[in-house]
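Undergrad: Residue numbers (my numbering), protein chains in the order written: chain V, 1 to 396; chain X, 1 to 477.
Hints in this document: simulated from the structure, not taken from any laboratory.
Treat the hints with care, as some may be off.
Claimed, not checked - Lysine to any residue pairs mimicking SDA-like chemistry, simulated, CA-CA at most 20 Å apart:
#1 V:LYS80 x X:ILE257
#2 X:LYS319 x X:ASP304
#3 X:LYS307 x V:SER58
#4 V:LYS80 x X:LYS319
#5 X:LYS307 x V:GLU180
As the list claims (entries may be wrong) - The following label-pair restraints were derived from C-beta to C-beta distances:
#6 X:GLU308 x V:GLY48: 41 to 49 Å
#7 V:PHE309 x X:THR110: 32 to 40 Å
#8 X:ARG365 x V:ALA255: 51 to 59 Å
#9 X:ALA401 x V:VAL178: 52 to 60 Å
#10 V:ARG249 x X:ILE109: 25 to 33 Å
#11 X:ILE316 x V:GLY193: 32 to 40 Å
#12 V:ALA338 x X:PRO27: 16 to 24 Å
#13 X:ALA6 x V:ALA338: 31 to 39 Å
#14 V:GLY229 x X:ASP448: 57 to 65 Å
#15 X:SER317 x V:ALA255: 22 to 30 Å
#16 V:ALA338 x X:THR443: 27 to 35 Å
#17 V:THR355 x X:THR110: 52 to 60 Å
C-beta: ideal position from N, C-alpha, C; glycine also.
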Amino acid sequence: MMPGSEEGVIEAIRQAHEVGEPLAVAGRGSKQGLLRPVQAARTLSTAGLAGITLYSPSELIISARAGTTLGEIEAAVAAKGQHLVAEPPDFTALFGQSQAQTIGGVVGANLSGPRRVAWGAMRDHVMGVRAVNGMGEAIRSGGRVLKNVTGLDLCKLLTGSHGTLAVLTEVTLKVAPVPEQRATLVLRGLAPGQAVAALSAALGSPYAVSGAAHLPAALAGFVPGIGPGPATLMRLEEFAPSIAYRSERLRADLAGFGAVEVLDDAASRLAWAAVRDCAPFAGMQGAIWRVSVRPSRGPAVAAALEAAFGASWFLDWGGGLVWVAGPATTEAHDAVAAAARAQGGTHTLFRAPETLRAAVAVIPPEPAALAAIAARVKAAFDPRGILNPGRMHAGT
Amino acid sequence: MLPQPAPKPGILARRDAIVAGLRELLPDDGVIAEKLRLKPYETDGLSAYRQVPLAVVLPRTTEEVAAVMAFCHREGVRVVPRGAGTSLSGGALPMADSVVLGLMRMNRITEIDYADRCATVQAGVTNIGITQAVAGEGFFYAPDPSSQLACMIGGNVNMNSGGAHCLRYGVTANNLLGLKVVTVEGEVLEIGGAHLDAAGYDWLGLMTGSEGQLAIVTEVTVRILRAAEGARAMLAAFRSNEVAGACVDSIIGSGIIPVALEFMDRPAIHACEAFAHAGYPLDAEALLIIEVEGSTAEQDFLLDRLKEICARHDPISLKVSTSAEESLAIWKGRKGAFGAVGRISPDYMCMDGTIPTSQLPHVLRRIGEMSESYGLQVANIFHAGDGNLHPLIMFDANDPASFARAEKFGAEILTLCVEVGGCLTGEHGVGVEKRDLMGVQFTETELDQQRRIKSAFDPGWLLNANKVFPLKGLAAE
């Protein structure tokens with residue numbers, strides 16, 4: 001089903017609600033490989049809800065129907081010198097398919113790129129949503145203004161809920177001016193612990209570092225202009241005079257970690273797009289995980305998983321996001337989950353064959369008291385459990 | 001007087017037994033039940049509304065909070081959480097049959113981690129207290145509500161507090177990593193942590209700004225940021241609100257996001273200047289305070305560009321600060337705005353709608369018309385970058401007719417904010433103040449959706465039950 005209007009979404013969900021028929025919820029399906037497979041005979045797609053409905057550059061606001069492609073939105077804001085702050089990644093190569101992603105999918109999955117570490121996640125930039133709950137009721141939250149605390153914040157709850165609570169029909173995002181220039185500082189040859197110490201120093205500087213990643217030797221070659229050898233990357237995005245000034249200050253501050261190279265604007269764009277889109281793993285077989293931990297614990301997670309199954313890994317978000325690749329086995333998955341837990345963080349099985357995704361907890365189970373609340377919140381939106389059943393946790 | 005939910009049957013009659021039960025859970029000084037000592041808890045920053053609670057408890061630990069919640073849940077007693085009591089929307093207003101749960105004794109900072117740029121603090125630590133604890137290393141906690149000397153982080157989380165610098169640094173929700181909360185049943189839950197974006201539903205985002213409806217926040221992990229090298233302000237005065245509004249558009253359109261972009265209208269300029277002698281031009285209709293950050297050279301670069309932009313809008317005057325002292329003087333009037341208005345009027349009501357910034361001239365014109373028809377003065381202060389408007393309505397609380405007119409005036413302004421595409425509250429919260437206006441912004445279906453989420457956390461509606469939702473919808477006992 002691919003309704004062309006919110007009314008059509010309402011009608012489709014109402015009918016499914018009446019008979020208790022489960023629905024797979026999707027945009028163009030670019031993220032079907034993410035999380036758990038959904039058992040549903042029919043798919044409700046929002047791809048038919050297309051188009052930008054409001055763009056006010058001077059108010060830093062854009063609204064679009066859920067099925068609008070990310071590409072269309074990015075082109076529209078780029079034409080006015082603006083961008084999406086959370087820098088949503090493009091994982092089409094990672095998932096080995098060619099469908100353009102919709103903005104509904106980007107918000108539904110709360111996908112954020114390297115800038116997340118400094119300027120917030122997708123969920124921090126969702127100012128308003130229109131959605132249809134599991135009973136076929138239209139609900140709105142937030143609005144088209146940048147500051148809004150009226151009522152419970154369903155924008156954040158629905159962002160990252162993977163279509164399990166309601167089907168997004170329209171979203172309103174905060175945008176920002178594209179900084180005049182970019183530059184990337186590169187440190188070579190650091191061990192992971194040293195690399196994260198350097199990233200922490202940079203992120204803890206007054207120079208507004210907006211990207212902080214580390215690539216070990218085996219993967220640095222997959223990032224244009226970076227390899228070979230371990231590379232630690234720090235991005236600046238500012239007016240041109242500030243780029244010059246801040247690069248020099250950071251070079252001096254980081255002298256203890258080694259000589260700093262500086263990549264120019266064009267090279268920076270290429271390098272950070274590769275980090276953002278997880279390019280180092282795009283051609284790899286097997287499973288891919290994301291582990292989110294306190295940044296200084298990133299190297300410990302990496303070391304544990306190297307020892308457990310020879311994991312490939314690299315670090316983004318100053319060390320706090322560990323991208324992990326390895327065999328698509330239950331043993332490897334359990335090792336990832338255990339390593340994340342041991343360091344006080346969480347895991348997501350990001351890409352794997354369907355059999356593994358159906359067999360394991362793709363994200364950590366919640367403690368009993370919170371799981372009980374989660375079940376009641378799910379029922380508050382979708383009492384018959386028809387929207388994307390089992391997408392995040394088995395049996396819910 | 002504000003309508004309150006009917007007291008739950010039997011609670012007032014069992015008062016002594018409930019107090020005795022609470023005394024078993026907390027040290028002697030942790031329970032207040034004497035009438036005179038309850039008095040300070042009868043109101044908050046919205047002092048027009050008052051209600052003495054059944055009792056007040058002042059726990060020191062999450063375990064004590066959990067014990068109190070488990071007890072109140074068992075006994076069916078309503079609970080109203082309270083931090084410093086600075087809410088401007090009546091967020092901490094008690095009910096006669098409620099226990100006020102004061103978090104102000106939970107004022108310890110439990111961890112500061114500069115390398116990972118986070119700090120974990122108890123709910124009763126003040127907003128400024130976090131910044132003071134990390135300032136020695138050059139760090140700060142970004143959200144800076146006007147009440148930051150007094151207000152507590154637990155309250156900031158519950159109200160999703162903003163401040164003058166959120167155009168650049170975001171509101172509370174954008175600066176949190178984790179929470180420790182106690183459920184209505186007395187279970188302790190950890191939400192998030194020191195890491196970003198935990199997998200699963202965004203409980204952190206849902207709880208932030210939930211105004212005490214979902215759980216009791218006892219501990220908060222915040223992001224701390226390294227402060228910029230310096231900051232400097234400039235002052236631009238204009239002939240009309242329209243021109244100042246157009247200048248704001250030009251600034252944002254230029255690609256510069258100032259760290260602060262504050263707007264004052266003519267009455268606000270006059271009130272603040274009389275109070276603070278900040279050097280504001282009294283012939284201006286509208287004033288912008290624009291602040292930038294960076295090294296001195298970076299500030300110069302940005303201020304030069306801003307000067308050029310402002311100059312295109314035929315300003316009455318432009319004044320760029322050349323020192324920290326001059327910046328302070330520019331801010332002095334704005335920061336003293338509430339005191340200034342308090343000096344020219346016996347009482348004032350601070351409203352808090354948000355509007356699309358393009359609607360500012362229209363909204364200020366309409367507010368001016370309302371001001372005449374209600375016969376009440378109003379001064380407008382506006383976080384111009386993010387559209388958050390604070391009209392200060394002046395009235396006389398000793399005159400019930402004046403108070404009633406002010407309430408109606410305020411409601412009409414907020415309704416206008418929603419009509420032009422904005423919302424009822426940008427940073428103060430709904431509380432009791434705007435509870436009965438929620439129907440202006442939301443459909444009954446949408447309010448029911450929110451109520452069902454509240455019920456998922458708090459099936460018996462024991463948590464802060466007199467707030468946020470229109471009273472008529474409150475589940476009957």
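Undergrad: When the structure is checked against the list of hints, which entries are broken? Sort them ascending.
TA: The structure conflicts with hints 4, 11, 12, 13, 15, 16 and 17, although it agrees with all the remaining ones.
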